[in-house]
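Asker: Given chain A, put chain B in place with the hints provided.
Residue numbers (my numbering), protein chains in the order written: chain A, 113 to 555; chain B, 13 to 317.
Hints may be right or wrong, so weigh each one.
Unchecked claim - Straight-line C-alpha distance at most 20 Å; calculated PhoX-like pairs for lysine-lysine: (1) 360/A with 172/B; (2) 543/A with 84/B; (3) 552/A with 542/A; (4) 296/A with 274/A.
Source of the hints: derived by calculation from the structure; they are not laboratory data.
Please read all numbers here as calculations on a predicted model, not as lab measurements.
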Amino acid sequence: MSDFSNRRIARRDFLKMAAATGLTGAAGMPWGNVAHAADPLNFFTWSAAVDQVKSHLNAFEAKHGIKVSYNNAPWAQYRETMITKFVGRAPLDVLWVSDTWLPEWADAGWIAPVDGFPELMKYNADVDDFSTKSMQYKGRQYGLTYYTDYMAFFYDEDKLKKAGIAAPPATWEEVVAQSLKIKKAGLSEYPLMLSMARESWLIEFMSALVFSHGGRFVDDAGNAVMQDPKQGARAALQWVVDAVNKHKIVSPACVEIGELNGLKSFSSGNHAFALLGRYRIRTLNDPAQSQIGGRVRQALMPAGPGGSHATVGWMRFHGMTAQAAADKTRAANAAKLIEWFGGKADGKYQFQKLLFMDVGSGFATKPLFQDPEVRAAYQKYSDIAMFEKQQALARKKDVVSRWYGEWDEQNGSAWQSAIVGKATIDEALKKSAQSWNDLKKQS
Amino acid sequence: MSARSTALRGIFGHPVSGYDQRSGMLLLAPMMAVLLVVAVFPVVYSFWISLFDLKLTRPHRVPFVGFDNYVKVFHDALFWSSVGRTAMFTVMAVSAIMLIALLMALLLNEQFRGRRFLSAMLLVPWAIPYVANGLMWKWIYDSGYGALNGLLYQLDFIDKYMVWLGDTRKTLPLIANAFVWKEVPLATILLLVTMKSIPADLYSAAKVDGADVWRRFFHVTLPALRPGFTLVMIYETMMAVRHFDLFFILTEGGPAEASHVVAWEVYVESFRRLSFGTGSALAYIMALVTFLLAFSIIRTMGRKL
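Extracted from the complex, chain A is given alone in its bound form (with noise of 0.2 Å):
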């Protein structure tokens, strides 16, 4: 027997064994992947038209002879996953961008500008401005859209009809006025749809009441503004608190309503009016789906005393990473990616029609609104003049910050506080706007 076997094994020792044998084994783990220009171009979206982006790679890596390394993750829990991927450089080269991270991915170093690709930029031409500028931060671009939708106003006209109205309402006050009037007929306890909860969605909503108001959360330096009684936010929320708890046109409920419950309860045939993506359309006018289908109409968004018919757009857009930038092969691998589905593949806005066509998602690209199979499709179920002259009204958020995520959290709890009325207007605006200048001070 060895002198080793006879020896004393100290605690401290076996410890230390441990400690290594551990350390070893995580020494063998594969950290921080980088690609290699003859690796395949890695590209993840969120798990959202599977299918369709399948079909449509399988399409580009047959044209181009590009392999291409598909993944994606739930959307709820993309943003944190790719922040993951991106500190522990996972290989990525190609993603889904939502334009509400486009500052804090482009300030981190994670995502490339790709205006030094005139392939690419040739598309602007074709594209909504609201769309695009969605797009750029600090004056360069970084990607190409494939979906872009806005916040639409609809109604249900059997509704309206029963209450004698003969047409939707144009202004914030017609939609009291109107809304009471329906109620009083009994036809709706609350009227208005209205979905104040706090996930991703609230922001929509409030852009798309604080826009139409004439109000902006923030001025075209950054500063809040929200707080401002007279460019603000107060006129939109004012309205809400009062359409919840004076005249009793929304449920109080709205703050625990998310935007899909939303669609339910309106396609239920529980309101009259209702905000919600303009996609939904699609859904709410299918008789299988909604037991309003067939009967819902999107009008323009209604006007505050001083406001427009302004709302609120957001958009997705394909990015390239700052890894595959600094390959040129990558790069120009990536760049291909990108236009086969953000700009045109074969000579056409393929990709956006096609999620068009099967999911019903929107888009930017204008030449599409006048596409005959496009107009065709959504003639069935809305009116596609409408569609297209609310989306010339569209506007970016202009929240979209690096602090964005975390000021969100705070001005969502601020304006439940209002509607709720565990804070006053000034007091709920008040606080939103002192967070949003402490995170800019901070960041």
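Answerer: Here is chain B on its own, set in the frame of chain A:
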């Protein structure tokens, strides 16, 4: 000294058989390595992280800030209001669990027809995962189509559908109710086991002394249940203080911070704001408070076990 104790002592310093000792250590080493990697390292590393201003969204600047994250947490008004809500939730939930579990245990301790069926049914809420439990209660509490409104309306208790989770006065008690529903079975079983171990002689003696059913309950059953109560109180307090799932599924901390508890704050700080430094500090504070609570319960109730 027995052979066993000699062998045990041998492991850490007193050689008994070098060969056996070496084999034992080698066999244990992989598990120790795994434990070091998956348990000890994360705990120590998260404390280390709590000393840095680490934000994943700002990866290039991670300054060492010492205990500033802890100071920042203690100066945050939202933290203290969330501590208050956590305390309120814990008191409501643990009191209700103890009371209902005691009544259930007393019932199941009796012999009656259907007792076994009832015992089996009691386990159902316990067997349901927390996420499923949360989704179920979300449906029940929904103000538009929820079962609670439907039931109360059909029974003529309400004349129109009520707002439940959206009413800030009701939010916390309703979440506590969902938590209690899930936790009562385990607490009942723990109390029932303790109840079964009470010697029948004690009841016989009490009867001989002329004690009625109430006296027997207060002077025999309740004192004998002290170990079970202590265990239930420690376990449920720890569960309630750290509870996150229902807050995430039912309200996401809202409306208007009505359900913004400490566990929610840890989640928001760590996984939404991606501020791992402050998030780790908050998690350590919560762990310390949980430990102190458990310790004080043991000190006050356990010393008389």
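Asker: Give a verdict on every hint.
Answerer: Results of checking the hints against the structure:
no.	hint	in the structure
1	360/A with 172/B	14 Å, holds
2	543/A with 84/B	19 Å, holds
3	552/A with 542/A	15 Å, holds
4	296/A with 274/A	12 Å, holds
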